[in-house]
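Novice: Chains L and G supply the protein sequences, listed in that same order.
So the first sequence is residues 0 to 206, counted in numbering that gives the first Met the number 0.
So the second sequence is residues 0 to 206, counted in numbering that gives the first Met the number 0.
Simulated from the structure, these hints should not be mistaken for laboratory data.
There could be a bad hint or two in this list.
What the hints assert, rightly or not - Reference listing, derived: stretches of chain L covered by chain G, where coverage requires no fewer than 3 residues with Cβ under 8 Å from a Cβ of chain G:
| id | segment |
| --- | --- |
| 1 | 0-9 |
| 2 | 55-63 |
| 3 | 142-151 |
| 4 | 163-170 |
| 5 | 186-194 |
Every value quoted in this text rests on a predicted model; they were computed, and no experiment measured them.
Positions of the beta carbon are idealized from the N, C-alpha and C atoms, including for glycine.
Protein chains: 2
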Amino acid sequence: MKIENIKPADIEKRSMEIIKETLGDVCFTPEEEKIVLRAIHTSADFDYAENLCFLNDAVHKISSALANGADIVTDTNMAKTGINKKKLESLGGRVHCFMADEDVAQEAAKRDITRAAVCMEKACGLKKEIVFAIGNAPTALLRIKELYEAGEINPAGIVGVPVGFVNVIEAKEQIMNTDLPQIVARGRKGGSNIAAAVINAMLYMIC
Amino acid sequence: MKIENIKPADIEKRSMEIIKETLGDVCFTPEEEKIVLRAIHTSADFDYAENLCFLNDAVHKISSALANGADIVTDTNMAKTGINKKKLESLGGRVHCFMADEDVAQEAAKRDITRAAVCMEKACGLKKEIVFAIGNAPTALLRIKELYEAGEINPAGIVGVPVGFVNVIEAKEQIMNTDLPQIVARGRKGGSNIAAAVINAMLYMIC
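All chains, full assembly: derive it from the sequences and hints.
Specialist: Okay, here's the thing in C-alpha cells:
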C-alpha cells in the first residue's frame with residue numbers, strides 16, 4: 000500500500016473530507032455535523048453518527064456558554080489534557096478535573112461512592128457558569144441529575160459521553176430525561192477522547 | 000432502565016466479566032486477552048478483538064522491558080496522561096511526550112514534516128531502553144521504521160495504534176513488515192485511549 004504524499008497542514012482537512020464522503024447524507028445541522036465529524040475523526044468509529052444525540056438546543060446553549068467564558072468540569076484527566084485550553088482560555092474559561100484531589104478520594108471512600116460522583120458535588124462550589132464534559136463515569140451523570148433536580152447546580156449544558164458496561168446505558172437514558180441541554184452518545188460508547196473532541200469542535204466553531 | 004447497585008470497587012471487575020461474556024471464545028493467549036479486554040473496556044468497541052495484532056513476541060518483549068525500567072515515548076499528551084505513571088515509575092520508567100516542545104515545532108515547520116516525526120528523532124537521544132506508544136500519528140510509525148532500519152534506534156517494542164484516515168492503514172502495514180515486537184491495531188482505529196489502555200494492561204500484569 001502506498002503512502003499518500005500530503006503536507007502536515009493538510010492532513011486534518013483531508014481526513015474530514017474522507018469522513019464526510021464515507022458518511023454520505025446525514026440529517027444533522029451544520030454545527031451538529033462538525034461535532035459528529037470530530038468524534039469520528041478521533042476514533043475512526045462511524046457509530047458516533049448514529050449514537051450522538053443533541054437535546055434541548057444543546058449546541059447553541061453550550062457554545063454560547065463557552066463563548067461567554069464558562070468553565071468546564073470533567074471526570075477525566077485525559078479529557079482535560081485533550082481539550083484545547085489555549086482556545087478555552089482565550090474565551091475566559093478553564094477546565095477543572097477534581098478526580099485526583101485527595102479530599103475527593105477521602106470523601107468517596109468514606110461514603111463508598113465513586114470519586115466521579117464526589118467531583119460533581121465539588122463542582123457545585125464553583126462560582127461560574129459550568130459545562131460538564133463526562134467521558135468516563137456514568138455515576139457522574141447520575142449525580143449531576145440529582146444535584147440539578149435538588150436545585151444545587153444549573154449547568155449550561157452537558158457533554159455526556161461516558162464509556163463502559165455497568166450502568167452506562169442507563170445513566171445516559173436518565174440524564175436524557177432531564178431538560179438540560181446535552182450532547183449524549185447513546186449506548187455504551189464514549190470516552191475521554193470523545194468528550195474532548197465534542198468540546199473542541201464547539202471551541203473551533205467559536206474561535 | 001434500572002441502575003445496578005454496585006460498589007465502586009467492583010465496577011471494573013463486573014465490566015471485564017461482561018466484556019468476556021460478550022466476546023465468547025477467543026484465540027488469544029491469556030496475556031493478549033488481558034490487553035484486548037482493556038482496549039474494549041476503554042472504548043466499548045469490540046472491533047479491538049478483531050484488529051489487535053501481536054507480533055514478534057510483543058507482549059513478552061514489551062512487558063519485560065517495562066519490568067526492567069524502560070521509558071515510554073508517546074506522540075500524544077492524552078496517552079501520557081492516561082498511562083499509569085505510579086506503576087511505571089515504581090518499575091523505574093518514565094513517559095516522554097515531546098509534542099508540545101518548542102524545538103520540535105520549529106524543526107517540523109522548517110522541514111515541513113509532522114511534529115510527531117520529529118518527536119521520534121528526539122527519542123533517539125534518550126539513553127534508556129524505549130517502548131513507543133503511538134496513539135495518534137501514522138507519521139510517527141513511518142519515522143520509527145526509517146530510524147530503526149538506519150540503525151539509529153532499537154526500541155524494545157511498539158504499541159502502534161494511531162487513529163485516522165490519511166496513511167494510517169498504510170503506516171501500520173509498513174511497521175508490521177519489520178521484525179520489531181509490536182502490538183498494532185490494524186485498520187483505521189486506535190487512539191490515545193487505546194495506546195494508554197494497552198500499556199496499562201501490561202503494567203497491571205507486572206505490578
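Novice: All hints, please: hold or fail.
Specialist: Tested hints:
no.: 1; hint: 0-9; verdict: holds (count 7)
no.: 2; hint: 55-63; verdict: violated (count 0)
no.: 3; hint: 142-151; verdict: violated (count 0)
no.: 4; hint: 163-170; verdict: holds (count 8)
no.: 5; hint: 186-194; verdict: holds (count 7)
The structure does not agree with the numbered hints 2 and 3 stated previously, though it agrees with the rest.
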